[in-house]
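J.: So the chains spell out like this:
There are 2 protein chains.
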Amino acid sequence: MSDKETGYRGKALQAIKKAKAEIGDVIRVTKKDETFEGILIPRSEYGDETHVVVKLKNGYNIGISVTPDTTIEKMGEGAKPTFAPPPIPKQKPGLPRVTILSTGGTIASRVDYRTGSVRPALTASDLYSVVPELADVADIETHILLSLFSENITQDNWTEIAQAVAKQISEGVDGIVIAHGTDTMGYTAAALSFALQHLPVPVVIVGSQRSADRPSSDAATNLLGAVLAASNGPFAEVVVAMHETTSDNHIAIHRGTKVRKLHTSRRDAFKSVNTMPIARIEDKSISMLTNDYQKRDTSRELILKPKFEQKVALIKFFPGMDPSVIDFYTEKNYRGIILEGTGLGHISKYCHQALKKAVQQGIVVAMTSQCIWGRTNMNVYYSGRDLQALGIIPLEDALPETALVKLMWVLAQTQDSKEAKRLLLTNVANEFSSRSIPEKMSYQREQGDRVGI
Amino acid sequence: MSDKETGYRGKALQAIKKAKAEIGDVIRVTKKDETFEGILIPRSEYGDETHVVVKLKNGYNIGISVTPDTTIEKMGEGAKPTFAPPPIPKQKPGLPRVTILSTGGTIASRVDYRTGSVRPALTASDLYSVVPELADVADIETHILLSLFSENITQDNWTEIAQAVAKQISEGVDGIVIAHGTDTMGYTAAALSFALQHLPVPVVIVGSQRSADRPSSDAATNLLGAVLAASNGPFAEVVVAMHETTSDNHIAIHRGTKVRKLHTSRRDAFKSVNTMPIARIEDKSISMLTNDYQKRDTSRELILKPKFEQKVALIKFFPGMDPSVIDFYTEKNYRGIILEGTGLGHISKYCHQALKKAVQQGIVVAMTSQCIWGRTNMNVYYSGRDLQALGIIPLEDALPETALVKLMWVLAQTQDSKEAKRLLLTNVANEFSSRSIPEKMSYQREQGDRVGI
Numbered sequence: 001m002s003d004k005e006t007g008y009r010g011k012a013l014q015a016i017k018k019a020k021a022e023i024g025d026v027i028r029v030t031k032k033d034e035t036f037e038g039i040l041i042p043r044s045e046y047g048d049e050t051h052v053v054v055k056l057k058n059g060y061n062i063g064i065s066v067t068p069d070t071t072i073e074k075m076g077e078g079a080k081p082t083f084a085p086p087p088i089p090k091q092k093p094g095l096p097r098v099t100i101l102s103t104g105g106t107i108a109s110r111v112d113y114r115t116g117s118v119r120p121a122l123t124a125s126d127l128y129s130v131v132p133e134l135a136d137v138a139d140i141e142t143h144i145l146l147s148l149f150s151e152n153i154t155q156d157n158w159t160e161i162a163q164a165v166a167k168q169i170s171e172g173v174d175g176i177v178i179a180h181g182t183d184t185m186g187y188t189a190a191a192l193s194f195a196l197q198h199l200p201v202p203v204v205i206v207g208s209q210r211s212a213d214r215p216s217s218d219a220a221t222n223l224l225g226a227v228l229a230a231s232n233g234p235f236a237e238v239v240v241a242m243h244e245t246t247s248d249n250h251i252a253i254h255r256g257t258k259v260r261k262l263h264t265s266r267r268d269a270f271k272s273v274n275t276m277p278i279a280r281i282e283d284k285s286i287s288m289l290t291n292d293y294q295k296r297d298t299s300r301e302l303i304l305k306p307k308f309e310q311k312v313a314l315i316k317f318f319p320g321m322d323p324s325v326i327d328f329y330t331e332k333n334y335r336g337i338i339l340e341g342t343g344l345g346h347i348s349k350y351c352h353q354a355l356k357k358a359v360q361q362g363i364v365v366a367m368t369s370q371c372i373w374g375r376t377n378m379n380v381y382y383s384g385r386d387l388q389a390l391g392i393i394p395l396e397d398a399l400p401e402t403a404l405v406k407l408m409w410v411l412a413q414t415q416d417s418k419e420a421k422r423l424l425l426t427n428v429a430n431e432f433s434s435r436s437i438p439e440k441m442s443y444q445r446e447q448g449d450r451v452g453i
Numbered sequence: 001m002s003d004k005e006t007g008y009r010g011k012a013l014q015a016i017k018k019a020k021a022e023i024g025d026v027i028r029v030t031k032k033d034e035t036f037e038g039i040l041i042p043r044s045e046y047g048d049e050t051h052v053v054v055k056l057k058n059g060y061n062i063g064i065s066v067t068p069d070t071t072i073e074k075m076g077e078g079a080k081p082t083f084a085p086p087p088i089p090k091q092k093p094g095l096p097r098v099t100i101l102s103t104g105g106t107i108a109s110r111v112d113y114r115t116g117s118v119r120p121a122l123t124a125s126d127l128y129s130v131v132p133e134l135a136d137v138a139d140i141e142t143h144i145l146l147s148l149f150s151e152n153i154t155q156d157n158w159t160e161i162a163q164a165v166a167k168q169i170s171e172g173v174d175g176i177v178i179a180h181g182t183d184t185m186g187y188t189a190a191a192l193s194f195a196l197q198h199l200p201v202p203v204v205i206v207g208s209q210r211s212a213d214r215p216s217s218d219a220a221t222n223l224l225g226a227v228l229a230a231s232n233g234p235f236a237e238v239v240v241a242m243h244e245t246t247s248d249n250h251i252a253i254h255r256g257t258k259v260r261k262l263h264t265s266r267r268d269a270f271k272s273v274n275t276m277p278i279a280r281i282e283d284k285s286i287s288m289l290t291n292d293y294q295k296r297d298t299s300r301e302l303i304l305k306p307k308f309e310q311k312v313a314l315i316k317f318f319p320g321m322d323p324s325v326i327d328f329y330t331e332k333n334y335r336g337i338i339l340e341g342t343g344l345g346h347i348s349k350y351c352h353q354a355l356k357k358a359v360q361q362g363i364v365v366a367m368t369s370q371c372i373w374g375r376t377n378m379n380v381y382y383s384g385r386d387l388q389a390l391g392i393i394p395l396e397d398a399l400p401e402t403a404l405v406k407l408m409w410v411l412a413q414t415q416d417s418k419e420a421k422r423l424l425l426t427n428v429a430n431e432f433s434s435r436s437i438p439e440k441m442s443y444q445r446e447q448g449d450r451v452g453i
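Each protein sequence line maps, in turn, to chains A and S. Residue numbers are given in our numbering: position 123 of the first sequence equals residue 123, and the series is strictly consecutive. Residue numbers are given in our numbering: position 174 of the second sequence equals residue 174, and the series is strictly consecutive.
Keep in mind that the hints were calculated from the coordinates and are not lab data. Check the hints yourself; a few may be wrong.
Treat identical chains as interchangeable: a pair holds within one or across any two.
List of simulated lysine-lysine pairs, DSSO-like, C-alpha gap at most 30 Å [what the hints assert, rightly or not]:
hint: 1; residue 1: K55; residue 2: K32
hint: 2; residue 1: K349; residue 2: K305
hint: 3; residue 1: K349; residue 2: K332
hint: 4; residue 1: K349; residue 2: K307
hint: 5; residue 1: K295; residue 2: K92
hint: 6; residue 1: K307; residue 2: K357
hint: 7; residue 1: K356; residue 2: K311
hint: 8; residue 1: K284; residue 2: K295
hint: 9; residue 1: K421; residue 2: K11
hint: 10; residue 1: K418; residue 2: K11
hint: 11; residue 1: K20; residue 2: K349
hint: 12; residue 1: K311; residue 2: K11
hint: 13; residue 1: K55; residue 2: K20
hint: 14; residue 1: K18; residue 2: K32
hint: 15; residue 1: K311; residue 2: K295
hint: 16; residue 1: K311; residue 2: K332
hint: 17; residue 1: K17; residue 2: K55
hint: 18; residue 1: K307; residue 2: K55
hint: 19; residue 1: K311; residue 2: K357
Starting from the given sequences, assemble the full structure and let the hints guide the process.
T.: Given below as structure tokens:
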């Protein structure tokens with residue numbers, strides 16, 4: 001039994017080994033004042049080395065810390081547990097049809113009690129067993145499309161996901177949920193926002209920051225929120241559904257082009273930047289927070305543009321950056337570069353020569369800000385004007401990540417650099433916010449100012 | 001008269017040209033209901049094309065928008081104004097001695113009414129004339145060290161600034177203020193935090209988001225706050241003093257290693273990340289927000305370590321990133337790479353081979369997160385463990401920018417890669433926050449949650 005198979009490490013693994021217990025065995029864990037009896041279950045992922053997880057007879061999983069006063073006894077091999085879902089709750093007739101496409105990530109994985117490994121397991125019955133409320137909300141069909149940690153997702157995967165969504169739409173579903181790892185969820189959300197135009201129904205991307213075998217998991221509430229949004233949301237856009245706060249009561253619906261993962265581990269890691277979320281789910285009901293959205297309309301014809309150019313790079317500027325990293329991409333015949341400059345959109349004068357060469361070679365070079373919040377403005381200082389004179393294109397208040405994805409998409413639509421520039425500056429999927437949003441609101445709110453919640 | 005000399009563009013420039021007015025001329029601007037008379041003054045920087053700025057007889061500058069109903073008449077060339085500061089207020093005896101070192105940026109520039117150009121002008125008398133309260137706070141000496149847009153500041157400049165601070169300390173000043181452009185202020189603040197150890201007195205970096213000729217300028221209040229902190233602050237650390245909110249009433253004092261510019265244009269753009277500011281200035285009085293700081297102690301002997309290795313790069317990962325950009329730095333014999341990975345500290349498996357090669361060649365490769373908030377944790381997922389097995393070093397909750405600067409500093413201290421790794425993981429200047437700060441507080445507060453202010 002290795003740690004790779006069971007997820008156990010350190011003290012917890014030692015204690016299990018000492019008891020000669022294996023995954024699925026019935027064990028008794030004794031501490032000073034307490035005794036727990038149940039089935040030893042594997043862990044899909046975790047940071048600490050001290051807890052063993054036991055499925056109690058009442059069905060609950062608990063984590064018990066292994067301290068010097070803890071003993072573990074193997075009580076018997078018993079029957080190795082297999083995953084036996086409860087009977088599927090009886091479905092109401094006439095519910096909206098929602099397809100869940102699974103691409104991987106914490107929300108889409110499930111510990112297989114037979115093998116101890118994490119497997120993509122997202123059958124409708126699995127889901128109904130975990131989140132029984134789903135059966136009241138939608139008639140769900142599930143497809144395992146990919147099974148990837150999201151940091152390994154590429155442009156080809158975006159294409160694959162967009163095509164799978166289009167197929168579902170052609171089959172007449174009322175909404176699509178995409179289960180996705182949170183690491184690059186913002187990038188995929190932007191990609192689908194550009195690839196899927198004129199959507200008739202919602203496309204809702206969802207993930208979880210903490211896996212379903214952890215007591216603090218956000219998997220069930222996020223999934224329920226996503227299915228609610230897909231089945232009943234009045235909007236027809238690509239959105240991300242994740243915890244708005246640390247409580248389980250609020251799910252925020254963020255526009256795919258304006259959302260960013262802003263915390264490594266918190267459940268409310270995702271925030272809309274430079275704008276408000278478009279909707280909020282509270283007590284299973286959806287409130288729209290804006291009137292400015294594309295309405296659900298099943299008669300609307302989807303326009304699918306699923307291709308992305310791979311020869312596009314993001315360069316984050318820093319003091320002392322060697323300008324030859326720009327030459328590196330120029331020499332590799334890249335077609336686009338997004339700069340993540342400082343402040344209003346600046347990069348040192350030492351880079352001007354390399355940028356000039358890149359632009360002269362026909363590379364589309366555009367500017368965003370590493371500040372994250374706020375709008376680029378390359379008219380304020382002469383240094384910004386000089387960059388514009390070199391041909392660097394300022395990209396309003398677009399997130400650097402969204403700008404990157406958009407340029408990849410733009411350069412797959414056209415070979416003509418003038419047309420590329422025009423398209424890059426066109427507000428295709430709300431990647432640029434209106435200036436009419438009060439600046440104060442778009443900064444404070446989206447940074448998590450949760451006054452009154 | 002060109003726009004480059006005067007700062008005027010568009011409609012405003014046309015109207016001035018039509019009136020044949022030049023900078024320094026007395027003009028009359030007539031609008032439907034109002035008339036303004038005064039001296040036409042140049043603009044150091046601005047985004048819009050519609051306002052002319054006039055110095056009225058009462059001494060105030062106002063911006064007047066040029067609309068179709070606006071006429072401008074030249075009333076006479078009059079005497080070209082020269083900069084005539086009011087008499088220096090009488091200084092109280094025995095005030096603390098503060099040196100202001102100017103490196104450039106909006107706060108340190110001043111429109112020269114004679115030539116219309118922006119010049120570094122930061123004499124004590126200039127300052128006293130702009131912020132008369134300064135004369136009550138400190139006995140100020142000023143030095144123009146550099147005159148750079150901060151995006152052009154390099155490692156050599158950090159060294160120069162650190163050495164200039166050391167010189168001032170050896171001359172017995174009670175505090176040092178560094179005027180700096182806001183674009184890379186966070187990087188310089190981190191650099192000085194590592195270069196200036198065992199400080200006896202405060203080193204306060206200050207800038208302004210909007211130049212002094214704009215009505216919404218934060219220059220005066222930030223400067224007064226910085227001088228207050230330098231002269232009277234009980235701490236002896238490298239800090240940044242900038243607006244805490246959009247009001248002029250609160251200046252936040254951020255630790256140099258934990259501060260980031262998080263908005264392109266707002267006056268409260270700077271936030272402490274993953275921690276609280278260490279102090280706040282309100283109504284000219286300083287409140288410490290923590291007890292955990294290095295106290296002012298003029299008997300403490302400064303340790304100056306001002307060198308930075310230049311062959312260190314920051315690579316921000318994105319989906320589809322070409323791993324050969326890592327090889328690019330390896331082949332250039334770089335000594336260090338900071339990765340800005342996704343989530344808890346991940347980068348795609350397609351980069352593993354290139355990272356392995358880099359580490360084998362002795363390059364120190366360390367991981368931070370592009371989430372900005374939160375802590376890296378490369379033990380949660382197997383992908384993170386695999387990266388650690390390759391030799392990638394997770395850097396707790398350090399900001400990517402601070403991590404970059406620290407690695408530049410570490411690699412200038414030692415040629416030995418084991419020692420470099422040890423030093424990189426040592427908490428030298430509070431670049432790693434204690435885990436004991438409640439996670440909620442360190443996220444919400446620093447993102448600008450200003451409940452009750």
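J.: Does each hint hold? Answer for all of them.
T.: Evaluated hints:
In this assembly of identical chains, K55 and K32 lie within 30 Å of each other by CA distance solely inside one copy; the values are 20 Å within and 80 Å between copies. Only between protomers do K349 and K305 lie at most 30 Å apart by alpha-carbon distance; the minimum there is 27 Å, versus 38 Å within a single protomer. In this assembly of identical chains, K349 and K332 lie within 30 Å of each other by CA distance both inside one copy and across copies; the values are 23 Å within and 22 Å between. Taking CA atoms no more than 30 Å apart as the test, K349 paired with K307 passes between copies only; the shortest distance there is 23 Å, against 35 Å inside one copy.
With identical chains, the CA atoms of K295 and K92 are at most 30 Å apart within one copy only, with a shortest distance of 26 Å there and 68 Å across copies. With identical chains, the CA atoms of K307 and K357 are at most 30 Å apart within one copy only, with a shortest distance of 27 Å there and 32 Å across copies. When the C-alpha separation of K356 and K311 is checked against a cutoff of 30 Å, the pair qualifies both within a copy, at 18 Å, and between copies, at 24 Å. In this homomeric assembly, K284 and K295 come within 30 Å of each other (Cα to Cα) only inside a single copy, at 20 Å, whereas the closest approach across copies is 53 Å.
Proximity of K421 and K11 under a CA criterion of 30 Å is satisfied inter-copy only: 27 Å between copies versus 58 Å inside one chain copy. Taking the shortest alpha-carbon separations for K418 and K11, only the inter-copy value of 28 Å comes in at or below 30 Å, while the best intra-copy value is 62 Å. Within a single copy, K20 and K349 get their C-alpha atoms no closer than 65 Å, and across copies no closer than 35 Å, so neither meets the 30 Å cut-off. For the homomeric pair K311 and K11, neither the shortest alpha-carbon distance inside one copy (47 Å) nor that between copies (41 Å) is at most 30 Å.
In this assembly of identical chains, the alpha carbons of K55 and K20 lie at most 30 Å apart only when taken from the same copy (18 Å versus 86 Å across copies). Proximity of K18 to K32 under the C-alpha cut-off of 30 Å is restricted to the intra-copy arrangement: shortest distance 19 Å within a copy versus 91 Å between copies. For the identical chains of this complex, K311 and K295 are neighbours neither inside a copy (35 Å) nor across copies (52 Å), given an alpha-carbon limit of 30 Å. Taking the shortest Cα distances, K311 and K332 sit within 30 Å of each other both inside one copy (9 Å) and across copies (22 Å).
Taking the closest pair of Cα atoms, K17 and K55 come within 30 Å of each other only inside a single copy of the chain (18 Å); across copies the shortest separation is 82 Å, beyond that limit. Within a single copy, K307 and K55 get their C-alpha atoms no closer than 46 Å, and across copies no closer than 56 Å, so neither meets the 30 Å cut-off. For a Cα distance limit of 30 Å, the shortest separation of K311 from K357 qualifies both inside one copy, at 17 Å, and across copies, at 23 Å.
The structure does not agree with the numbered hints 11, 12, 15 and 18 stated previously, though it agrees with the rest.
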